[in-house]
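Colleague: First to last, the sequence lines map onto chains A and B.
Here the first sequence stands for residues 1 to 406, numbered as in my numbering.
Here the second sequence stands for residues 1001 to 1266, numbered as in my numbering.
Just so you know, these hints were derived from the structure itself, not from any lab.
The beta-carbon is built from N, C-alpha and C at its ideal position, and this holds for glycine as well.
Take these hints with a grain of salt, some might be off.
[Said to hold, decoys possible] For each label pair, taking beta carbons as the anchor points, the in silico distance ranges come out as:
(1) R1206(B) to E195(A): 36 to 46 angstroms
(2) R372(A) to K1165(B): 49 to 59 angstroms
(3) E153(A) to Q1121(B): 47 to 57 angstroms
(4) G1243(B) to T192(A): 23 to 33 angstroms
[To be verified] Computed list of chain A residues with no C-beta within reach of chain B, every gap over 10 angstroms:
(5) P29
(6) S174
(7) K180
(8) I187
(9) D216
(10) K275
(11) Q300
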Amino acid sequence: MKTIREAKKWKGKPDASGHFGIFGGRFVPETLMEALNELTRAYQSLRKDKRFQKELEYLLATYAGRPTSLYEAQNMGRALGRDLRIFFKREDLCHTGAHKINNTIGQGLLARYLGKKRIIAETGAGQHGVAAATTARLFNLSCDVYMGAQDIERQALNVYKMNLLGARVIPVYSGSQTLKDATNEAIRDWVTNVETTHYLLGSVVGPHPYPMIVRDFQSVIGRETKVQMKKMVHALPDVMIACVGGGSNAIGFFYPFLDTRAKLIGVEASGKGLKTRQHAASLTKGTIGVLHGMKSFVLQDRNGQVELAHSISAGLDYPSVGPEHAFLKEAGRIRYETASDRDALLGFHALTLLEGIMPALEPAHAIGYLIRKYKSFPRGAKIAVCLSGRGDKDLDTVRRYQKTKR
Amino acid sequence: MNNRLIQKIREQERSQSKLFCAYLTLGYPNLSTTETLISAFEQAGVDIVELGFPFSDPLADGPTIQFASAQAIRRGVGIRDAFHLIRKLRRKGVSIPILFFSYLNPIMHYGVSRAVRQLHQSGFDGLIVPDLPPEEGRMWESWFKRSDLSIVYLVAPTTRQDRIKEIARHSNGFIYYVSLKGVTGARSSIPTDLVKKIKAVKQLTRKRVLVGFGVSRPDQVKTITRVADGIIVGSAIVERLKGGRKGIRSAISLVAQLSKAAKRAQ
């Protein structure tokens, strides 16, 4: 068992300069350094500000629909056998359909305190974009969302939603025309409009203080889970599983449990297979590098050029990962495994048929992993899975895949 | 010490003439053109060459350099090509100071210590890493020094006074002053408060201040070099290279023209 001192080592990061061990930090053009300092100072004072926290709590409760429920999936438990008890943290029940809103409301409030009238965001599948556009309405901010031209085509419904919400969706034609390039373009916009604009980053990635801020706003997931588990079964989970792209739902789910005995498993997307180049498993197959202002694991070629990630779920389709995950992997606190496109579809259909819940393809990776590996968990284990979003947005993908299978 | 950049700066301090620094993307449109251009630039009155290593995610760059980088990457340009090219040019007697411009990731991927050693051995005089602020660069500064490479840090219009002093203290050779809030790329006008801002920076440090981002025309060069110690031009040159063989001639003539404008400013 780990000692208390070790547990303390895991929490309380990042250090004052924004590092999680050797990871994290701030690798950005000088123009942004002042804005990052300003954001850090504002956040440090607001995180202790009772009025700010009260307001955040109020909005999460009345607007986002928190607390989300914890559901025991008894049918799935029985189907797998071994007396496993499986609990789903229902982030899919949040307003806008995923955990993303926890962060956008928090940062929206921050933007208001900073006096910024405009927010910008990057988005891949469009989930964070929709959450950001929604939050912009709530706080009456103008909102521009950068989205890869390819993603715009693939996610037409979310683009339409953002338009209805009054946000401008700006197509990005540079590079691979996906999330990675949308993030570059959002940062370039921020460099240009840094004094009037808040960059509402959607995951626990980017330069300090973003990985810390987004983690803190997402930690509500884990805090609620802790209370709910104690209430339902008078015990904490033995195993916790969450999918990892950038890693915001996973860190939010795990963070309050770092100092417990729970075994924590992050599931990355292995796409079409780890032996192909079409995967998004940055922690499993990446090497240390610097992307989007942070030091972390990056998928890159022999010349240090960042490679394209692939996953059936656009939300995991990112060639790097939050620096705190990199740190917790190296520290040995979280284990990172992978699930393929196929595993994800298996997870999707299993939860749909067994429980009548359609998961997004991102958490479907966590479910697929659980189903594939259920024998490796001790008999009677209590397993908590973060169901980070609902599946509506992915139905086209699922249908297309079924068609090609036939 | 045989760092050509430091020598160049010393000469400049004596003569008070202005410095003209030209940027090129390595391997755009191809490696042999880059080689030709560096030699030609030396003849055309360029004082410093900034050789940009292409990166897949160039955060600080606008469309022109993004495009050039993507083209060079498609040709498979690697960091060793930079070493080979400069070694070859040095053997041919090219003595102009050459700085290695690169985002951090390709350097880190190659290994910072190995990269630094080989940059020095092949004849580079310093580096500019746009996503490496001094806070993060500090741990490597002794390595740069040991290999006699100048690390040139950037100062932006948003940088506060106390921080400008700190950056100036860590920057070798000169300070790269970013003229505007935004990415690289030619602009039709320079910010109205630029001259005032440069003066303010000059008052905080005795280091040389070279100004880059958005500069493309002789009149802009003249205005800026009236107060700054020199000028850095990139996108405007790279843009001309799009035009094939004609483009190469046109890039050289632009460089000659801008360099003349810089020298005439006083």
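Colleague: So, for every hint listed, does it hold in this structure?
Modeller: Each hint, compared with the structure:
| no. | hint | result |
| --- | --- | --- |
| 1 | R1206(B) to E195(A): 36 to 46 angstroms | violated (29 angstroms) |
| 2 | R372(A) to K1165(B): 49 to 59 angstroms | holds (58 angstroms) |
| 3 | E153(A) to Q1121(B): 47 to 57 angstroms | holds (48 angstroms) |
| 4 | G1243(B) to T192(A): 23 to 33 angstroms | holds (28 angstroms) |
| 5 | P29 | violated (4 angstroms) |
| 6 | S174 | violated (6 angstroms) |
| 7 | K180 | violated (7 angstroms) |
| 8 | I187 | violated (5 angstroms) |
| 9 | D216 | holds (22 angstroms) |
| 10 | K275 | holds (22 angstroms) |
| 11 | Q300 | violated (6 angstroms) |
When held up to the earlier numbered hints, the structure conflicts with 1, 5, 6, 7, 8 and 11 and fits the remainder.
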